[in-house]
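*Asks:* In the order they appear, the protein sequences are chains Z and S. For the first sequence, the numbering used here gives the first residue as 1, with consecutive numbering after it. For the second sequence, the numbering used here gives the first residue as 1, with consecutive numbering after it.
Hints were generated in silico from the structure; no laboratory data involved. Yeah, the Cβ is synthetic: ideal placement off N, Cα and C, and Gly gets one too.
Each computed BS3-like pair below joins lysine-lysine, with the alpha-carbon atoms no more than 30 Å apart:
(1) K36(S) x K197(S)
(2) K170(S) x K36(Z)
(3) K40(S) x K2(S)
(4) K170(S) x K41(S)
(5) K56(Z) x K170(S)
(6) K2(S) x K48(S)
(7) K56(Z) x K149(S)
(8) K168(S) x K48(S)
(9) K164(S) x K40(S)
(10) K131(S) x K56(Z)
(11) K40(S) x K56(Z)
(12) K41(S) x K56(Z)
(13) K40(S) x K170(S)
(14) K2(S) x K168(S)
If you want the ones that stay clear, here's a sample from chain Z, every Cβ over 10 Å from chain S, calculated:
(15) P4
(16) R12
(17) G63
Here are some, though not all, of the chain Z residues that point toward chain S, as calculated from beta-carbon distances under 10 Å:
(18) R23
(19) G24
(20) R27
(21) R28
(22) E31
(23) L32
(24) G33
(25) V55
(26) K56
(27) G57
(28) S58
(29) R59
(30) I60
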Amino acid sequence: MRMPLGLAPENRVVRVVEVRGGRGLIRRLSELGFLKGEWVRVLKSGPSGPALVEVKGSRIALGRGVLMRIIVECVPP
Amino acid sequence: MKEIEVALIGNPNVGKSLIFNNLTGGRAHVGNWPGKTVEKKEGRCIHKGVTMRIIDLPGVYSLTAASIDELIARSYIVEERPDVVVDIVDASNLERNLYLTLQLLELEANLVIALNKSDIAEGLGYEIDVKGLSELLGVPVVPTIATVKVGMEELKDAIVEASKRGVKAKVRYREDIEELIERIGDILKRDENLTKKYPARWLAIKIIEGDGEVMRLIEERGLIEELREVIG
Ligand SMILES: Nc1nc2c(ncn2[C@@H]2O[C@H](COP(=O)(O)OP(=O)(O)OP(=O)(O)O)[C@@H](O)[C@H]2O)c(=O)[nH]1
Ligand SMILES: [Mg+2]
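With the hints as constraints, model all of the structure from the sequences given.
*Replies:* In structure tokens:
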């Protein structure tokens, strides 16, 4: 199932399928490790505000707006 | 006695502060970067008759200048031109960490790589070909374990040697990109004051990327029109 990273459940490993944004955002997120095909995991999230995400061995905080632009594939457990 | 300037840089949490403390004995002068509220730490280390002034740069994933920390780290390396830049790399997370390394090579920094957290990498079963990595990148690579001060003498040796040798490594791109870099570089070199301050090759690469800060600089210098003919 596809959804924005901002809606992905905590502690589930999901896969990035797309970043919906301009060149600048795509580049910035790729530098942080959010590349198409990358496995990521939301560690701490809520209905609003930033979330803590694990990607390529680092923990990175992302704001809500950006979280909604990263589309992930969520495989049912 | 000779004094050299050494900058420590790396991704967040790689062990910069520990290495800084190991090198300086923990004696640091703490201030702020000019006009910024980011902490600036500076210390000293004397090794084999050479005094090193050591500067701890903020932890960054890249040098795109997208955040204050990145801007500070990048301006420092580009504008201050420290004698040696120690790139502290997390050996247990090479793929992510080497991205910054490539950006530092593009900047033509005089690099020494500290392959820190070697104990964690080993625990994960990684066998890193240190010599191969060093040959591939063209810079010295020193395995370290900052928590138990392993590799610190070797790191100091490598820093002193690098300061005598100067920069030798360079990242080379595909032939068509290299041609473009050269054509842009030729235009930039007409502005001597600009290329005295920034490496022409680095500026050219950033122009191809459309880097915001560099494009602003190019516009200020009135070079944008000439460049349009090359980059469209
Ligand atoms: N096992 C192991 N842990 C290390 C090593 N080097 C650093 N650490 C640990 O990694 C963590 C981060 O170390 P710091 O020295 O604070 O790293 P830093 O790069 O200054 O971190 P920031 O300033 O937050 O970017 C600490 O918990 C250290 O104990 C090492 O070589 N081996
Ligand atoms: Mg630190």
